[in-house]
Amino acid sequence: MVNFNRFTLSNGLKVLVHEDTTTPMAVLNILYDVGARDEEEGRTGFAHLFEHLMFGGSVNIPSYDEPLQRVGGENNAFTSNDITNYYITLPAANIETAFWLESDRMLSLAFSEKSLETQRNVVCEEFKQRYLNQPYGDVWLKLRPLAYQKHPYRWATIGQDLQQIAHAKMEDVKAFFKKHYNPQNAILVVGGNVNTQEVKQLAEKWFAPIAGGEKYTRNLPAEPEQLAERSLTVTADVPLNAIYIAFKMSARKDPDYQVFDLLSDILSQGQSSRLFNSLLKEQKLFSEINAYITSSLDEGLFVVDGKLVEGISMEIAEKAIWKELELIATELVNDDELTKVKNKSESIMVFSEMNLLDKAMNLAYYELLGDAAWLNVEINKYLDITAEQIRTVASNTFKKEKSSTLYYLANA
Amino acid sequence: MLNRTIAPAFRQVSDINFIQPSSKPLHNGIPVFILNAGEQELVRIEFIFENGNWDKNKPLQAVAVNGLINSGTSKLTAKQIADGVDYYGAFLQTEYSADFTTITLYTLTKHLALVLPILYSVLNESIFPERELEIYQQNQKQKLQVSLQKNDYLARKNFANAIFGNTAYGADINLSDYDELKQADLFAYFKAAYQPQNCTVVVAGKFLDKDFEILDNIFGGAWQNADGFVRNSFGFSGKDGQDIYIEKPEALQSAIRMGNLSINRAHVDFPALQVLNCVLGGYFGSRLMANIREDKGYTYGIGSGIASLKHAGYFFLATEVGANVCTNALKEIEKEITLLREETVADEELDLVKNYMLGSLLGSLENAFSHADKFKNIYFYGLDYSYYHNYVNTVKHITAQDLREMANRYLDWNAMTRVVVGKK
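Line order of the protein sequences matches chains A and B.
Under the numbering used here, the first sequence has 295 at position 295, and the numbering climbs by one with no breaks.
Under the numbering used here, the second sequence has 432 at position 20, and the numbering climbs by one with no breaks.
To be clear, the hints were calculated from the coordinates, so they are not data collected in a lab.
Owing to the predicted nature of the structure, the values given are computational and were not obtained by experimental measurement.
Hints are not guaranteed to be accurate.
Said to hold, decoys possible - A few chain A residues facing chain B, derived, Cβ under 8 Å: (1) 23; (2) 72; (3) 100; (4) 125; (5) 128; (6) 129; (7) 135; (8) 201; (9) 340.
Glycine included, every Cβ here is placed at the ideal spot set by N, Cα and C.
Kindly generate the complete structure, drawing on both the sequences and the hints.
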């Protein structure tokens with residue numbers, strides 16, 4: 001149970017407070033409702049590049065990191081296809097410093113040319129380090145445009161290529177800030193050794209003077225229903241053949257979302273899971289095998305991927321995956337197997353309550369979904385799932401015509 | 413009118429409260445340290461075994477035993493072990509490090525009595541089935557094949573081997589080493605290396621007297637010491653700096669890793685050296701980050717650290733930089749190291765680092781698990797909580813002159829082993 005209080009400032013900024021007196025620390029987490037899906041084709045990777053620029057100084061404060069470190073704080077941020085999330089942890093006694101820093105960069109950035117130039121380079125190096133200079137690093141750069149044809153999920157948060165980042169201009173940066181970084185598009189969560197009254201005063205002092213800005217209305221191209229099987233074969237300088245099969249799955253708020261999550265757990269969570277035991281242990285076809293979901297706000301992906309044991313043909317390996325998928329699409333999972341994945345979900349939920357930052361991030365994310373209170377009833381949605389629901393979802397999902405398969409082959 | 417150019421007042425962290433564990437042995441003598449704290453009805457139980465019986469001709473046996481320990485016992489198959497643990501929503505993790513092997517159980521406290529017997533079987537009755545070993549060999553070899561294509565992996569591997577040779581800290585593992593694993597060797601190693609005499613149990617979370625009884629009933633009776641465990645002992649002597657260059661003509665980035673033998677946590681200078689390292693490469697605002705990432709844009713990240721091992725300590729610095737700027741990056745790194753030896757750190761920077769480190773320490777004590785981790789950090793080095801008292805004092809009072817002295821004592825570019833994988 002994650003307790004919270006909630007209020008909204010006159011400029012539209014939503015504020016949630018989670019009081020936890022067991023820690024001497026505080027967290028200030030701010031979620032901006034903007035991600036890579038809000039980018040334009042040809043200017044991809046921008047939401048993430050922008051996240052880097054948010055650390056390049058704001059209108060009244062030349063350095064973001066330095067004053068925070070000086071009061072014993074740390075910070076970081078991440079960008080996904082859906083959201084951009086910034087967080088600070090610091091001794092609770094110094095919480096006002098977090099308000100000061102975070103509100104000033106919501107007010108306006110410094111828009112320094114030097115910062116833009118440096119961060120373009122840094123992000124290009126990040127692109128190389130994580131996507132280009134690693135075996136299998138570019139899988140998602142290939143798989144996304146295969147699985148999506150219209151929706152902006154067809155590019156990864158890092159962007160479609162290095163060139164688009166290298167060409168980002170200051171005017172783009174300014175326009176992006178104006179469009180997305182304002183109180184109406186943000187959710188602020190303050191957690192830890194704080195009290196709601198104090199947070200209210202600090203929020204009024206530092207955030208309320210910021211103009212509400214224009215509300216951004218999202219209007220993304222819908223992904224047409226997939227009607228035919230897709231595949232792509234790439235060869236690269238990697239040691240092992242690999243396969244990635246992506247199926248379309250529900251958006252995060254769809255009632256079936258939790259069913260997909262349990263379905264992936266049955267197939268692939270831990271060493272008692274089906275794919276691990278059947279494909280890796282018994283048939284010895286794969287040295288690694290996984291099933292997971294992308295948890296996207298819009299229509300997401302259910303992915304099965306694996307690296308083949310040397311000498312095993314792709315055809316045999318692929319057939320074996322499909323056999324497992326067909327099995328779960330036709331036969332009901334038994335009670336023990338269902339209880340197992342439910343128990344696992346329950347304990348993961350309890351364990352996540354040990355971490356203050358996790359709690360704050362979760363509150364912000366559920367508030368974005370519609371209501372932070374849903375966080376505390378989420379587990380019930382898992383506990384209510386039946387074997388029939390799992391079979392139905394599996395049989396509607398695991399169809400050839402809904403699949404996109406990437407064959408990632410080792411250079412001969 | 414709000415003046416946003418003025419920073420709010422702040423306080424340096426003054427009190428840091430460490431929760432110390434209570435301790436009580438099981439009936440067979442295994443020491444148990446209990447950090448009973450937290451709101452959630454869950455517990456983490458770690459069985460930590462000091463590694464022994466190192467054999468440089470069988471460098472993988474300790475790792476493989478750890479990796480295969482939950483793959484079948486005389487009573488349970490691998491699947492039954494996994495099912496039994498997963499059914500109760502518990503997690504069983506095995507972890508090998510050069511000094512210790514840890515088997516960790518995470519569970520809701522209410523299921524303790526149901527999952528601990530599985531863990532007992534794993535720690536006492538594992539048999540390392542031939543079939544499981546074959547799968548392990550094949551799949552680990554495939555994983556290693558992938559790792560060997562990663563520049564940062566190659567840099568780490570070559571660096572460790574250059575510093576530590578063929579000991580548990582530096583063994584140069586190759587694909588063929590997996591072929592040498594034999595079931596009989598693994599079983600013999602298991603019998604020698606998983607005994608009450610080299611085991612410590614650390615418990616964190618919700619854990620009451622009745623839970624201790626459950627633990628003692630299962631692990632404190634039949635499990636007795638036998639012969640065969642031999643403590644590891646390694647000694648190292650620092651060599652002069654050497655350059656190791658592994659050329660990868662297609663590389664977009666070069667992995668750099670450098671460093672040298674240094675001191676570990678048990679040494680009196682360790683806290684002071686931590687402060688120095690923080691200035692150089694220990695946090696986001698460090699000199700290496702400020703120069704090589706934030707000013708030059710050569711890399712996504714660069715950092716340094718002091719690693720503390722049981723029989724050694726070492727300084728390391730690591731990054732991945734654009735292949736075309738590798739030589740420049742190396743020059744800048746050398747410059748930053750030399751600067752710390754020649755000039756004192758400005759007061760403003762030192763104050764910031766002090767405050768940052770104290771805040772960071774406070775923030776690292778988040779829950780029962782992290783308090784237990786702090787205990788392990790001292791216990792296994794023969795230290796007590798005065799270490800943390802001394803650490804906090806050192807951070808608060810160290811001077812710029814002290815730091816320059818530390819730099820001259822412990823940081824020397826010419827004495828470092830420098831590994832570059834990629835292009836120069």
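Here is what the structure says about each hint:
1. 23: This interface hint holds because 6 Å falls under the 8 Å limit.
2. 72: With a closest approach of 2 Å, the residue 72 of chain A hint holds.
3. 100: holds, 5 Å
4. 125: With a closest approach of 5 Å, the residue 125 of chain A hint holds.
5. 128: holds, 4 Å
6. 129: holds, 5 Å
7. 135: holds, 4 Å
8. 201: violated, 13 Å
9. 340: holds, 5 Å
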